[in-house]
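Undergrad: Sequence lines, in order, name chains R, G and V. According to this note's numbering, the stretch in the first sequence is residues 8 to 143, in order. According to this note's numbering, the stretch in the second sequence is residues 8 to 143, in order. According to this note's numbering, the stretch in the third sequence is residues 8 to 143, in order.
By construction, these hints were calculated from the structure, which means they are not laboratory data. A virtual CB, placed ideally from N, CA and C, is assigned to each residue, including glycine. Watch out, some of these pointers could steer you wrong.
What follows is a set of in silico ranges between Cβ atoms, one per label pair, in the way DEER data are often shown [claimed, not checked]:
| no. | chain 1 | residue 1 | chain 2 | residue 2 | range |
| --- | --- | --- | --- | --- | --- |
| 1 | V | H26 | R | T118 | 24 to 30 Å |
| 2 | G | L81 | V | D80 | 21 to 27 Å |
| 3 | R | T25 | G | D80 | 39 to 45 Å |
| 4 | R | A112 | V | R73 | 31 to 37 Å |
| 5 | R | G18 | V | H26 | 44 to 50 Å |
| 6 | R | R65 | G | E34 | 46 to 52 Å |
Facing chain G, from chain V, some residues (calculated, C-beta under 8 Å) [said to hold, decoys possible]:
| no. | residue |
| --- | --- |
| 7 | V63 |
| 8 | L67 |
| 9 | P108 |
| 10 | Q120 |
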Amino acid sequence: MNSIIKISINGQGLYEITHKVTQKVAESGINSGLVTIFIRHTSASLLIQENADPAVMRDLEHWLNRLVPENDDLYTHTLEGPDDMPAHIKGALTAVNLSIPLENAELVLGTWQGIFVWEHRHMRDEREICINIMGG
Amino acid sequence: MNSIIKISINGQGLYEITHKVTQKVAESGINSGLVTIFIRHTSASLLIQENADPAVMRDLEHWLNRLVPENDDLYTHTLEGPDDMPAHIKGALTAVNLSIPLENAELVLGTWQGIFVWEHRHMRDEREICINIMGG
Amino acid sequence: MNSIIKISINGQGLYEITHKVTQKVAESGINSGLVTIFIRHTSASLLIQENADPAVMRDLEHWLNRLVPENDDLYTHTLEGPDDMPAHIKGALTAVNLSIPLENAELVLGTWQGIFVWEHRHMRDEREICINIMGG
Chain R
8 MNSIIKISIN GQGLYEITHK VTQKVAESGI NSGLVTIFIR HTSASLLIQE
58 NADPAVMRDL EHWLNRLVPE NDDLYTHTLE GPDDMPAHIK GALTAVNLSI
108 PLENAELVLG TWQGIFVWEH RHMRDEREIC INIMGG
Chain G
8 MNSIIKISIN GQGLYEITHK VTQKVAESGI NSGLVTIFIR HTSASLLIQE
58 NADPAVMRDL EHWLNRLVPE NDDLYTHTLE GPDDMPAHIK GALTAVNLSI
108 PLENAELVLG TWQGIFVWEH RHMRDEREIC INIMGG
Chain V
8 MNSIIKISIN GQGLYEITHK VTQKVAESGI NSGLVTIFIR HTSASLLIQE
58 NADPAVMRDL EHWLNRLVPE NDDLYTHTLE GPDDMPAHIK GALTAVNLSI
108 PLENAELVLG TWQGIFVWEH RHMRDEREIC INIMGG
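Only chain R is shown next, with the shape it has when bound in the complex (with noise of 0.2 Å):
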C-alpha cells in the first residue's frame, strides 16, 4: 500500500514527519510488517535522528554546511544557484530511503529517534514522500 504525503519546506532545515508516516500507519490498518518512506528528490533527504534537543538538529546542519560549502571551486554544476550542488552532494550522503519495521500497528522506532526531512536548498519548496506500507 503506498500514498503520498507533501511536506511545506521554507529553505535548509530539518522537518519532523514522525507524526505524519504514524497516521498513514494508523490509516493502514496494518499490523505487523515494514514501512519504507521514499522521498522522490535529488536536493533534499531522510534523516532518523535525535528529536529531543533542538540542538542537535541545530549542529547536524551547521556541521554539514562547513562539510559542503556553497561557492566552491570544484563544482561545474552552478546554473541552478549556489546552494544546488552542494545539495545534490548533501543527497548522496545521506538517505533517499528509510525502512521502519512496524509491531503492534507501532513503528519500532527507539526513544528518541525522529523521522525527518532534511532540506538541502534554501528556497520555499513543496517535497513529495512515498510511504510504503507492507504487511497484514
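Please arrange chains G and V on chain R, whose structure you already have, making use of the hints.
TA: Just chains G and V now, kept in the frame of chain R:
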C-alpha cells in the same frame, strides 16, 4: 522475487542502471509493492541522484575523491592498492541498498531521479546487484 | 515477522552481527524474501563492509573520527559529553537501516560482506536492533 543483474564497470564513476531495474520490474508482472536493490560489494555502492546534467555526476565524483583521497597516511590497509581503502570508506558513506515503492507497475522515482552504481575503484570489473520485488 | 536482538557494546568500534542475523533468518523458516535490519538508536549505526582484514575496520573508524572530531567549536549540544554530538553526526552519515534480499534461505551477501553495528560512543552499553523478515 529476486534476480541478479551484472554491470560491466570500467573505472571510477557513476553507471546508470535505472533501465535495467525498470526491465526487471516489467518482467516481474508485479503492480504495487516495494523494489529493493542490493549491491554485493564493499568498494562500490548505490546512489539515487540527478541524471539530467552530467556535471552533477562529475562534481559528485570529484568532491568525494577530494574528501577521501588516495595515499592518506592514515591508511594501514594498503595491500590491495592505493584506491582500495578510499573505496571502502566511500562505500561506508554511501548506500549498499535502496528501496523504492512500486505503484501502477512503475517505480515512484521523482522526475530527476536516476539509479546508479557508484564504482569507487579504478579497474575494469563486473559488479553484481540483486533486485528484490515484493508485492502483488 | 519481527524480532529484537541486543548487542553488548564496549566503546567505539565495529561489532559484527552477521551470525546473529543469519540465526534469526534460520529460525524464521522463510526461504525467499527481504530481511530488514533497523537500529533503535541515534548515536550508533549499521554498516555492511569487508569483514576479512581487520585493518579495513580500523581505518574506517580512524578516518571517521578524524572527519568528525570531538571538541569541535561548532558544537552547541555538549551536555552529554564530548563524544555525543560527533556520534549523532556519524549516525547521520551512515545507515540506521539495511535491507538484504533472502534467497534459498540465505542472505545474498557478497563474499566479503559482513553486517556490523558501528558504535560511535565510548561507553559500555547495550544496543537494540530489530530484524524484520518478509516473504515465504
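Undergrad: Hint by hint, which ones does the structure fall short of?
TA: 4
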